[in-house]
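Engineer: Residues per chain are reported as follows:
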Amino acid sequence: MNIAWGSLGLEFVVSLIFAGGLVSIFALGLRLLAVGAPDQARQGADGETTERLADGELSLSHERPTWASLGAYLCFAIAVAVVLYGIYLIIPQFQ
Amino acid sequence: MDALAIVILVVVLGLVFDFTNGFHDTANAMATSVATGALKPRVAVLISAVLNLGGAFLSTEVAATVSGGIVKEGQGGIEITPVMIFAGLVGAIMWNLATWYLGLPSSSTHALFGGLIGAAIVGSGFNAVDWANVISKIALPALFAPIVAGVVAMVATYSAYMITKRATSRGAERGFRYGQTVSASLVSLAHGTNDAQKTMGVITLTFVAAGYQHSGTAPQFWVILACALAIAGGTYSGGWRIMRTVGKRITEVTPPQGFAAEASSAATILVSSHLGFPLSTTQVTTGSIVGSGLGKRLASVRWGAFGRMVAAWVVTVPAAALVAALASFIVSTGVIGTVVVVVAAVAGMAAFWMLSRRHPVTKDTVNDDEDVLARKPATASVEGAK
Numbered sequence: 001m002n003i004a005w006g007s008l009g010l011e012f013v014v015s016l017i018f019a020g021g022l023v024s025i026f027a028l029g030l031r032l033l034a035v036g037a038p039d040q041a042r043q044g045a046d047g048e049t050t051e052r053l054a055d056g057e058l059s060l061s062h063e064r065p066t067w068a069s070l071g072a073y074l075c076f077a078i079a080v081a082v083v084l085y086g087i088y089l090i091i092p093q094f095q
Numbered sequence: 001m002d003a004l005a006i007v008i009l010v011v012v013l014g015l016v017f018d019f020t021n022g023f024h025d026t027a028n029a030m031a032t033s034v035a036t037g038a039l040k041p042r043v044a045v046l047i048s049a050v051l052n053l054g055g056a057f058l059s060t061e062v063a064a065t066v067s068g069g070i071v072k073e074g075q076g077g078i079e080i081t082p083v084m085i086f087a088g089l090v091g092a093i094m095w096n097l098a099t100w101y102l103g104l105p106s107s108s109t110h111a112l113f114g115g116l117i118g119a120a121i122v123g124s125g126f127n128a129v130d131w132a133n134v135i136s137k138i139a140l141p142a143l144f145a146p147i148v149a150g151v152v153a154m155v156a157t158y159s160a161y162m163i164t165k166r167a168t169s170r171g172a173e174r175g176f177r178y179g180q181t182v183s184a185s186l187v188s189l190a191h192g193t194n195d196a197q198k199t200m201g202v203i204t205l206t207f208v209a210a211g212y213q214h215s216g217t218a219p220q221f222w223v224i225l226a227c228a229l230a231i232a233g234g235t236y237s238g239g240w241r242i243m244r245t246v247g248k249r250i251t252e253v254t255p256p257q258g259f260a261a262e263a264s265s266a267a268t269i270l271v272s273s274h275l276g277f278p279l280s281t282t283q284v285t286t287g288s289i290v291g292s293g294l295g296k297r298l299a300s301v302r303w304g305a306f307g308r309m310v311a312a313w314v315v316t317v318p319a320a321a322l323v324a325a326l327a328s329f330i331v332s333t334g335v336i337g338t339v340v341v342v343v344a345a346v347a348g349m350a351a352f353w354m355l356s357r358r359h360p361v362t363k364d365t366v367n368d369d370e371d372v373l374a375r376k377p378a379t380a381s382v383e384g385a386k
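Those protein sequences? They're chains A and B, same order as listed.
My numbering numbers the first residue of the first sequence as 1 and each following residue consecutively.
My numbering numbers the first residue of the second sequence as 1 and each following residue consecutively.
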């Protein structure tokens, strides 16, 4: 029997770094986009309140410091790069 | 039995299996996107179908063995005959339809392996199966996949909620929906480059076994095309029953959770296939959704629903094996036996389809928060009240 414990451990760590990193960076980008804007109403148990307010409100109209904008764009750029790397890994012709 | 007739049956059943594989696995990539409203149901299955179609053409790496080493094939082992593959496919299709009817996500790959195991045991005895490989390639990955994906998704979800102040910062919900669409598409594409190849491999190896094709040659183009269309067609047809279970029954999925779950699934699947520790897509995505529920709030996972899925995973291989063993046994009696199995298989498919019509789940009801079988049937039967 051949159980690849090493592979399993590595699998866990690398997945955690990629998924955790991608989600955190993307979330950070969203947070930076919202700098200077008021928070939305606390989410209700079913999320309905936030959903109504959030739709169509990803506007750039509120005052946002330049550093926040730049930081947000950097975060999204990294997220896009990670996704492109994922596509590169999926498609065998690229390798 | 005429060899050509069996080969034709294998091709037809292979494509049927591919189709069930498609609608069984739509939920893996798209259930959370449909549940959060990031994508309309029809759009979600269309994207998934197109990516599965494309993925099927992208990857030319077709499995070199039908069973991936579960059954001792080739030199020193047994010879896998077209009849065995035929019986194995009958078992896999029946189990896929049964779990679809119950709305349970289960691994189509495991169903196929189970079917082949059952057929091989009837054909050549228990020694035909490499039981160590059954444990290391089916049982242990099934145990680890949901745990690894679940912990990864839990950490990712927790992080997403912390950073965006529980998704109350302006535009966060909407942003997460965009992210979710992209990460779900990645899962779909990865699925397309894997699953259609299994059926291509099964059909091609049947041609080789029957002497219609040389060993070691690539699949015929029409086989690639037919398999790609079958899995894409299955994907587009929806599999709403399973999607509702995955998207609504395990936990109430919100956009941050959906994004974190799909990103975790994509990462886990990609990393696993590159490190040589292949994990079931179905079990990874289910684990991710459970993890995303835990990451949001520890109590928000419905363990009863998850428990039923785990039970289905445990039963998948033996159940498909049993059906395949029965089919294999009947086929071995000759032409009449083969006809009996074909008629029974068609009747079984029709029966599951008819049963599903009594508690239908469509794109319009895919987000209803109720058990697939809990809906009051039109007839007086209360079979679904479990």
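Be a bit skeptical, because a hint or two may be false.
Stated by the list, open to error - Sample of chain B residues lacking proximity to chain A, with all beta carbon distances greater than 12 Å (derived):
(1) I6
(2) V11
(3) T65
(4) G77
(5) W222
(6) Y236
(7) V310
(8) P360
(9) D368
Said to hold, decoys possible - Estimated spans, in silico, between C-beta atoms of each pair:
(10) A/L10 <-> B/G37: 34 to 42 Å
(11) A/L74 <-> B/R357: 48 to 56 Å
(12) B/L4 <-> A/S7: 17 to 25 Å
None of these hints come from the bench; they were simulated from the model.
This one's a predicted model, so the numbers in the text were calculated from it and none came from an experiment.
Note that CB positions come from ideal geometry on N, CA and C, so glycine has one too.
Engineer: When the hints from earlier in the document are held up against this structure, which numbers fail?
Structural biologist: Going through the list in order, the structure violates hint 12 alone and respects the others.
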